[in-house]
Amino acid sequence: MRAKYDCYTKKVTNKHVCRHWMDPLKYYVWSFHDTTLSSLFSTLGFKRSNYNEDGYPQYSSCATFELWVRDDNSTYIKAYYLPLTNTSDHLIEEVTTEISGCENGCTLDQFEQRSQPFKPNGDGDTAALCNTNLFNDTSSSTLPTKAASSPTSPTEAASSPTSPTKAALSQTSPSKATSSLSSNQFLISIGLLVYVFKNL
1 MRAKYDCYTK KVTNKHVCRH WMDPLKYYVW SFHDTTLSSL FSTLGFKRSN YNEDGYPQYS
61 SCATFELWVR DDNSTYIKAY YLPLTNTSDH LIEEVTTEIS GCENGCTLDQ FEQRSQPFKP
121 NGDGDTAALC NTNLFNDTSS STLPTKAASS PTSPTEAASS PTSPTKAALS QTSPSKATSS
181 LSSNQFLISI GLLVYVFKNL
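With the first letter of the sequence shown counted as 1, position 164 gets the number 164 in full-length UniProt numbering; the numbers rise by one all the way through.
Because the hints were derived from the structure by calculation, they are not lab data.
One thing to keep in mind: the hints can contain errors.
Claimed, not checked - Cut-off 20 Å, straight-line C-alpha distance, at most; resulting in silico cross-link-like pairs (DMTMM-like, lysine to aspartate or glutamate):
{"id": "1", "residue 1": "K11", "residue 2": "E94"}
{"id": "2", "residue 1": "K47", "residue 2": "D109"}
{"id": "3", "residue 1": "K47", "residue 2": "D72"}
{"id": "4", "residue 1": "K11", "residue 2": "E103"}
{"id": "5", "residue 1": "K47", "residue 2": "D23"}
{"id": "6", "residue 1": "K78", "residue 2": "E103"}
{"id": "7", "residue 1": "K10", "residue 2": "E94"}
{"id": "8", "residue 1": "K47", "residue 2": "E94"}
{"id": "9", "residue 1": "K119", "residue 2": "D109"}
{"id": "10", "residue 1": "K26", "residue 2": "E53"}
{"id": "11", "residue 1": "K78", "residue 2": "D109"}
{"id": "12", "residue 1": "K47", "residue 2": "D6"}
{"id": "13", "residue 1": "K119", "residue 2": "E94"}
{"id": "14", "residue 1": "K78", "residue 2": "E66"}
{"id": "15", "residue 1": "K10", "residue 2": "D71"}
{"id": "16", "residue 1": "K11", "residue 2": "E93"}
{"id": "17", "residue 1": "K47", "residue 2": "E103"}
{"id": "18", "residue 1": "K10", "residue 2": "D109"}
{"id": "19", "residue 1": "K11", "residue 2": "D71"}
{"id": "20", "residue 1": "K26", "residue 2": "E98"}
{"id": "21", "residue 1": "K10", "residue 2": "D23"}
{"id": "22", "residue 1": "K11", "residue 2": "D23"}
{"id": "23", "residue 1": "K26", "residue 2": "D6"}
{"id": "24", "residue 1": "K11", "residue 2": "E112"}
{"id": "25", "residue 1": "K78", "residue 2": "D54"}
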């Protein structure tokens, strides 16, 4: 999101990257397992492994992050979760204000600041992140409790999903962004889709 914003506001010196990659980019998707989405939820400060319930996210559940820019180039983030269920009533829910540090909304700068403690430090030592407790669990390596109605996931036998321990976050959050958008503002969505394939 930062690269997209910097290209949009012409703050990038490498014009080639903007012109051929970021400027035309509207939507970027990562696909991964249910345990990874659950780990993402932990870094967002959600108290339960499937946003507001126990168990793993269902197959093809989707978390989406949007970057919005107003006419004055100020930013705000919107986050949504589509928890697919076994019923036909699939409702997408805005979860922005449920993110720790974003209780009153988040600018791009604030979202980056609140997320920084969860970013690996870049020294290549990601093994240090293994066996990190999720959701304030006191055991050294546990999986979230599986809801009785949830289908069995092939990843359940794997080791515990991991994420860095949450650091104390303190910041002043902006009020919720409610202004209307004009045509020169853009939207970029980052969809996080969960695909867990069953053995056929």
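Worksheet item: In ascending order, which of the hints set out earlier in this document are inconsistent with the structure?
Response: 1, 2, 3, 4, 5, 7, 10, 12, 13, 16, 20, 25
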